[in-house]
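Protein chains in written order, with the numbering used here: chain V, 1 to 114; chain C, 1 to 115.
For the record, the hints were derived by calculation from the structure and aren't laboratory data. Certain hints may be false.
Claimed, not checked - Among the chain V residues that face chain C by a calculated CB cut under 8 Å, a handful are: (1) A24; (2) Y64; (3) K102; (4) F105.
Unchecked claim - Just the calculated beta-carbon pair ranges, DEER-fashion: (5) C:I110 - V:R77: 39 to 47 Å; (6) V:Q22 - C:R69: 39 to 47 Å; (7) V:E59 - C:T55: 26 to 34 Å; (8) V:Q17 - C:E20: 40 to 48 Å; (9) V:G3 - C:I110: 23 to 31 Å; (10) V:T7 - C:W83: 29 to 37 Å; (11) V:A82 - C:T30: 21 to 29 Å; (12) C:W83 - V:A2: 28 to 36 Å; (13) C:G53 - V:T15: 28 to 36 Å; (14) C:E20 - V:E52: 41 to 49 Å; (15) V:G3 - C:S52: 23 to 31 Å; (16) C:E20 - V:P39: 21 to 29 Å.
Claimed, not checked - Here are the simulated BS3-like pairs of lysine-lysine, each with C-alpha atoms no more than 27 Å apart in a straight line: (17) V:K9 - C:K68; (18) C:K49 - C:K68; (19) V:K57 - C:K68; (20) V:K57 - V:K9; (21) C:K49 - V:K57; (22) C:K49 - V:K102; (23) C:K49 - C:K102; (24) C:K102 - V:K71.
A quick note: this is a predicted structure, and the numbers were derived from the prediction, not measured. The beta carbon of each residue, even a glycine, is placed where N, CA and C say it ideally should be.
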Amino acid sequence: NAGVTQTPKFQVLKTGQSMTLQCAQDMNHNSMYWYRQDPGMGLRLIYYSASEGTTDKGEVPNGYNVSRLNKREFSLRLESAAPSQTSVYFCASREGQAGYEKLFFGSGTQLSVL
Amino acid sequence: AQSVTQPDIHITVSEGASLELRCNYSYGATPYLFWYVQSPGQGLQLLLKYFSGDTLVQGIKGFEAEFKRSQSSFNLRKPSVHWSDAAEYFCAVGAGGTSYGKLTFGQGTILTVHP
Numbered sequence: 001n002a003g004v005t006q007t008p009k010f011q012v013l014k015t016g017q018s019m020t021l022q023c024a025q026d027m028n029h030n031s032m033y034w035y036r037q038d039p040g041m042g043l044r045l046i047y048y049s050a051s052e053g054t055t056d057k058g059e060v061p062n063g064y065n066v067s068r069l070n071k072r073e074f075s076l077r078l079e080s081a082a083p084s085q086t087s088v089y090f091c092a093s094r095e096g097q098a099g100y101e102k103l104f105f106g107s108g109t110q111l112s113v114l
Numbered sequence: 001a002q003s004v005t006q007p008d009i010h011i012t013v014s015e016g017a018s019l020e021l022r023c024n025y026s027y028g029a030t031p032y033l034f035w036y037v038q039s040p041g042q043g044l045q046l047l048l049k050y051f052s053g054d055t056l057v058q059g060i061k062g063f064e065a066e067f068k069r070s071q072s073s074f075n076l077r078k079p080s081v082h083w084s085d086a087a088e089y090f091c092a093v094g095a096g097g098t099s100y101g102k103l104t105f106g107q108g109t110i111l112t113v114h115p
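All chains should be modelled from the sequences, with the hints used to inform the complete structure.
Shown next as structure tokens:
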């Protein structure tokens with residue numbers, strides 16, 4: 001019962017490099033989300049996927065792309081990393097019907113862009 | 001636009017003392033309100049949520065929160081704090097239905113517990 005699994009846990013990039021953050025959930029959830037966490041700013045929504053085959057922008061989508069590969073997997077790609085993208089990234093998935101929803105978070109990916 | 005303010009960046013309490021963490025929100029409709037806790041190096045864990053009904057909500061680990069519409073507040077309380085409660089706490093606001101999960105978080109409050 002792994003829940004939401006994120007890989008890698010830590011990553012250091014140089015400015016301009018690209019990378020993909022992976023997220024997979026084994027709970028058969030329809031909706032998945034990517035957040036970034038910065039000190040003093042809480043979490044901010046980057047992109048989300050309401051269901052397999054759909055993706056939408058959140059509050060801070062610039063510099064990122066996402067792919068909902070299948071129902072289980074939702075990846076976040078940085079095409080040309082910038083120091084401003086140094087952050088902790090969290091993936092989440094949602095279960096439940098209206099009024100009974102619950103978000104499950106992964107343990108995060110700590111990314112440093114030099 | 002929706003927003004959440006947690007006025008206290010850092011709170012220190014003694015073990016066994018009572019705790020109240022403040023949260024004020026701005027939202028155009030009836031909000032879904034949440035409190036999450038994050039231990040160092042971990043993801044977020046839901047403590048409790050409110051979306052309708054009784055304005056006093058009970059959560060896990062002995063926490064409760066009270067929704068006060070007139071004050072746009074959703075403060076988190078615990079009668080007696082344990083050392084294991086030391087963590088960062090986030091208040092969040094959102095909507096239900098298809099918008100659930102698109103949350104706006106506050107800046108967080110770091111709780112330190114002295115023995």
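Right, here's what the structure says about each hint:
1. A24: Given a least distance of 14 Å, the restraint on V:A24 is violated.
2. Y64: The hint is violated - V:Y64 has no Cβ within 8 Å of chain C, the shortest such distance being about 16 Å.
3. K102: Holds: closest Cβ of chain C sits about 6 Å from V:K102, inside 8 Å.
4. F105: holds (4 Å)
5. C:I110 - V:R77: 39 to 47 Å: violated (32 Å)
6. V:Q22 - C:R69: 39 to 47 Å: holds (41 Å)
7. V:E59 - C:T55: 26 to 34 Å: holds (28 Å)
8. V:Q17 - C:E20: 40 to 48 Å: For V:Q17 and C:E20 the Cβ distance comes to about 45 Å; the hint holds.
9. V:G3 - C:I110: 23 to 31 Å: holds (25 Å)
10. V:T7 - C:W83: 29 to 37 Å: holds (32 Å)
11. V:A82 - C:T30: 21 to 29 Å: violated (38 Å)
12. C:W83 - V:A2: 28 to 36 Å: For C:W83 and V:A2 the Cβ distance comes to about 29 Å; the hint holds.
13. C:G53 - V:T15: 28 to 36 Å: Given a distance of about 50 Å, which is not inside 28 to 36 Å, the answer is violated.
14. C:E20 - V:E52: 41 to 49 Å: With a Cβ separation near 42 Å, C:E20 and V:E52 satisfy 41 to 49 Å, so the hint holds.
15. V:G3 - C:S52: 23 to 31 Å: holds (27 Å)
16. C:E20 - V:P39: 21 to 29 Å: holds (23 Å)
17. V:K9 - C:K68: violated (39 Å)
18. C:K49 - C:K68: holds (14 Å)
19. V:K57 - C:K68: violated (31 Å)
20. V:K57 - V:K9: holds (24 Å)
21. C:K49 - V:K57: Since the Cα atoms of C:K49 and V:K57 sit roughly 25 Å apart, the hinted pair holds (cutoff 27 Å).
22. C:K49 - V:K102: holds (9 Å)
23. C:K49 - C:K102: With a Cα-Cα distance of about 14 Å, the restraint between C:K49 and C:K102 holds, given a limit of 27 Å.
24. C:K102 - V:K71: holds (18 Å)
In summary, the structure is inconsistent with hints 1, 2, 5, 11, 13, 17, 19 from the numbered list given earlier, while agreeing with the others.
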